[in-house]
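These protein sequence lines are chains S and U, in that order. Start counting the first sequence at 1; every next residue gets the next number (the numbering used here). Start counting the second sequence at 1001; every next residue gets the next number (the numbering used here).
Simulated from the structure, these hints should not be mistaken for lab results. Bear in mind the structure is a predicted one, so any value in this text is a computation, not a measurement. Note that CB positions come from ideal geometry on N, CA and C, so glycine has one too. Possibly wrong hints are sitting among the right ones.
[What the hints assert, rightly or not] For each label pair, taking beta carbons as the anchor points, the in silico distance ranges come out as:
id	chain 1	residue 1	chain 2	residue 2	range
1	S	F175	U	L1048	57 to 63 Å
2	U	L1018	S	V192	34 to 40 Å
3	S	A103	U	L1018	48 to 54 Å
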Amino acid sequence: MNALGKWSIASLLMHLLTAVWCVLALVLVISVGLMAASPFIDLSGAELGIPVSFRIDASHPVAAPSLGIEAAQLRDARGTLIVSPRDGTDVVGPMLVVVGMLAFGLWVVGELRAVFRTLSDGRPFAAANAARIRRVAWAVMLCEPVRALVFYSAGSMAAAHFTSPGLRFEASPDFEVLAIVNGLILLVVAEVFRAGTRLDEEQSLTV
Amino acid sequence: MALRVKLDHLLLDRRLTLTELADRIGITIANLSVLKTNKARAIRFSTLEALCRELNCQPGDLVEWTPDDPA
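So that you can see chain U by itself, here it is in the shape it has in the complex (with noise of 0.2 Å):
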């Protein structure tokens, strides 16, 4: 997929692990699992919103794009 979620950089960066960001921004540690993981279809802006907010970061930070390998 051309759309990677950098979630493991931020939350590494933060010195948060996964269960206390999905405390904390209330979702499943499942559900972030799966934007983690980056098996996620589609992320919503609310979920995006407590995203930025608790990691302090921009949208950009959280999401790159790489373009598809043609091989």
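Just chain S, same shape as in the assembly (with noise of 0.2 Å):
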């Protein structure tokens, strides 16, 4: 199987991120919709997630005896508590912050699409490509600290509201730098793309 052009594996992708788009673009809409009928519509049984870190007290001792270890630490615990909303209005500003993700999300997805989309009929060197990845990199390293802006604010709330014998939650910025080297490195694959365009262009132009 090629790697571009038609039935290749660009090709492939290309229908997955149309298929993802559209998934996500259908999700979006039903929760712009939820949104803006959250406040009157009644939710009961509705449960929201809340991503907490949280750390077990010694109180809960952590073992394994077979193995011959009588005393483990649990650390970076991380999960998702899940509420129910008191009424609509709870539900709002988290169903923001989901609505921006989708948004952003779709929109990060588009711009793939549309690169994977020159790639499928191969056309790699298309002029807005390198454009197109730049602003997925960028994207990539700006949404990273908003996302962990994001867990820490939902951190924060647990860690102040929530209580639990043997249980103590935390507020940790959960920051990915991996998501930043990924952006880094998408970077420097849009310089690439940027050079291949130049020598695409100076190429059709050499008689």
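Fit the two chains together into the complex; they arrive one by one in their own frames, and the hints show the way.
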């Protein structure tokens, strides 16, 4: 199977991205609708997930007697705190975050889909590709601090208000350095595409 | 651009059409048109040689350099 062109890996990925884009668009529309209607509809039975970090107290020892380990520590524990919203207004804030993330995801997938469309057409050095990849790279790098801030805010809220015997909720930024590295790699790839586009243009204008 | 290809003058002098010249040197009319309209970024030695051979001229007869207009 070829990497570029019709019936290639790029073509397969383009169709996959198209499917993901359609699903995201549908979920986004439903989310916006739900967000707009949430103050006015009965949300009994609905669940709201809050990303949290927590620590388990020493009163809950962790051990593996079969391995001869008598005391182990559980660190960097993360999970999702599921709560039932008191009323519709509780949902608006988190839904706004979800809608923002979905819109961002939709835009990124749209850009990637456009890049993969040119790859499946056998035109890897289409003029717009370098700019598209550069935009995605910056978006990935700028999105990470925002995501970390959202998680930190959720963790702070959980640490301030929720209690559980033996558990201590902590606010942790959960900053993924790898996302920044990925963004930097994408920036370099964008420059490679820009250089390739220039060479391709020169080649096409060489007689 | 400071370099100008004088293909149109040579074609007129030799009473040749772009299509005829393209056929003789074995490149596409589109490529020859790029050269004629001064849109080309580079010219291969093989193309230059074929042009000189078919038009019976020197490379200097094909390309003219003029200083850029400072304005």
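Results for each hint:
no., hint, verdict
1, S/F175 to U/L1048: 57 to 63 Å, "58 Å, holds"
2, U/L1018 to S/V192: 34 to 40 Å, "37 Å, holds"
3, S/A103 to U/L1018: 48 to 54 Å, "52 Å, holds"
Going through the hint list in order, the structure satisfies each hint without exception.
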